[in-house]
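> Required output: the full structure, derived from the provided sequences and hints.
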Amino acid sequence: MHEYAFFLGCIAPNRYPGCEASAIKTSEKVGIKLLPLKGASCCPAPGAFGSIDLNVWYAMAARNVVLAEEMKKDIALICNGCYKSIYEVNHILKHNDELRDGVNEVLAEIDMQFKGSIDVWHLAELYYDEKICGLKKIRDSVTTPLNGVKIAAHYGCHLMKPQKERHFGDTENPMWFEELIEALGAEPVQYRNKMQCVVPVVVSVDMISSMLLTLPMRR
Amino acid sequence: MAAKSYNIPELDTKLADRRYHLTDANPEFTQKILKTSRTIANMCYQCGTCTGSCPSAPRSSYRIRLFMRRCVLGLEDEALTDPDLWLCTTCYSCTDRCPRDIAPTDVIMAMRNLAFLRDIVPKNFLQTCQLIYNSGHGVPNNDVNRAARTKLGLPADPPTTHSYPEFIKGIQKIIDHYGLKENADRILKGD
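Protein chains in written order, with the numbering used here: chain A, 1453 to 1671; chain B, 44 to 234.
Incorrect hints may appear among the rest.
Claimed, not checked - Straight-line Cα separation of at most 20 Å, EDC-like style, residue types lysine to aspartate or glutamate; simulated pairs: (1) Lys-224/B - Glu-1561/A; (2) Lys-1525/A - Glu-1480/A; (3) Lys-78/B - Glu-1617/A; (4) Lys-1481/A - Glu-1582/A; (5) Lys-1525/A - Glu-1577/A; (6) Lys-1490/A - Glu-209/B; (7) Lys-78/B - Asp-1549/A; (8) Lys-1616/A - Asp-144/B; (9) Lys-212/B - Glu-1557/A; (10) Lys-216/B - Glu-1557/A; (11) Lys-1477/A - Glu-209/B; (12) Lys-78/B - Asp-1553/A; (13) Lys-1524/A - Asp-1571/A.
Don't read these hints as lab results, they were simulated from the structure.
This is the structure in structure tokens:
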């Protein structure tokens, strides 16, 4: 059994609890145990906090990482926005001494210290990883194959981009999630704008542009 | 004439004037951006791949290449007061495709940080800050969701700051360290 600290974020537990429940139940079946990360907060929202003050964004996300460091477990999460915050801040602070010192100065006020001892993973990549779960294990665990179901995968920008700071490879036409869909017996569908932005950030600024932006997705 | 109008005469005149005035330039602005964004924005050679990749560009007057130019030339006022600054979706398509290996998205984020110092910021972002300050969550739990959670066999409140409110104090300390709550309250009150 692989154990991970399960970072929930805001939307999954507070708006779509089905995502949280299914993540915990399915993971257990394929040998991944998701432990609650007690006291975690908002990741915080990369669009809002990053735009206002990047330093607050670093410090707040580092606090969530430190909670998992204290558990001595890697973080697994299910939200792309959280992945951007938690993964990227963990990555930046590990490689930038100046920023890490600045963040640790603030965290010292609440008796915390960022050590950079853990990694952050998206649950989907753990499912795909041969060393953790892998396609074969998923295929074997299926009890009701989704035969005849067509599924279009949408990867989302904050999971895959920027490419050089992630480890997913190609961001123009990725295929790994389609392989996961195939493992469940469903048929992955290819469509235009698979990597198109879904515009969460602009919604709070300009409703009309955000509606225009999502139009091509509906084709 | 500029293709767009913001009903701010001063800004409209400025946008209509496409000449480069040395007096408008602030070299420190470029340096500040380079430091905050941690990317080599001064290496931009204006190829336009960023605007070509941008999902906002075909649907609005937002042009990321223009902001890259303003960064290189140090046109601080023009960059920070332009409302288009807030139309970047932070999708990082430009960053992936930039032939100079620059991260234009991070340049935009750095400019937004500087704009916030002038109190230029969308209200929704500040409201999110207030929510996180009070509950630890940008999207807090509600009764409808609590019922749904119980039905799914989950505890009514997730094991986050909702179940462990003693952690909220630490979050408030971090936010207060940067004076973000005060600023958010002040700016929202002023509107």
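> Does each hint fit the structure? Answer for all of them.
Going down the list of hints, with the structure as the test:
1. Lys-224/B - Glu-1561/A: OK: Lys-224/B and Glu-1561/A at ~17 Å, within 20 Å.
2. Lys-1525/A - Glu-1480/A: holds (16 Å)
3. Lys-78/B - Glu-1617/A: Holds - the C-alpha atoms of Glu-1617/A and Lys-78/B are around 18 Å apart, at most 20 Å.
4. Lys-1481/A - Glu-1582/A: Roughly 16 Å separates the two Cα atoms, so the pair holds.
5. Lys-1525/A - Glu-1577/A: Status holds; Cα separation ~17 Å.
6. Lys-1490/A - Glu-209/B: Holds, at about 11 Å.
7. Lys-78/B - Asp-1549/A: Holds, because 14 Å separates the two Cα atoms, which is no more than 20 Å.
8. Lys-1616/A - Asp-144/B: Distance ~9 Å between Lys-1616/A and Asp-144/B Cα, so the pair holds.
9. Lys-212/B - Glu-1557/A: holds (17 Å)
10. Lys-216/B - Glu-1557/A: Answer holds: Lys-216/B to Glu-1557/A is near 12 Å, not above 20 Å.
11. Lys-1477/A - Glu-209/B: Violated: Lys-1477/A and Glu-209/B sit about 28 Å apart, past 20 Å.
12. Lys-78/B - Asp-1553/A: holds (16 Å)
13. Lys-1524/A - Asp-1571/A: The hint holds at about 10 Å.
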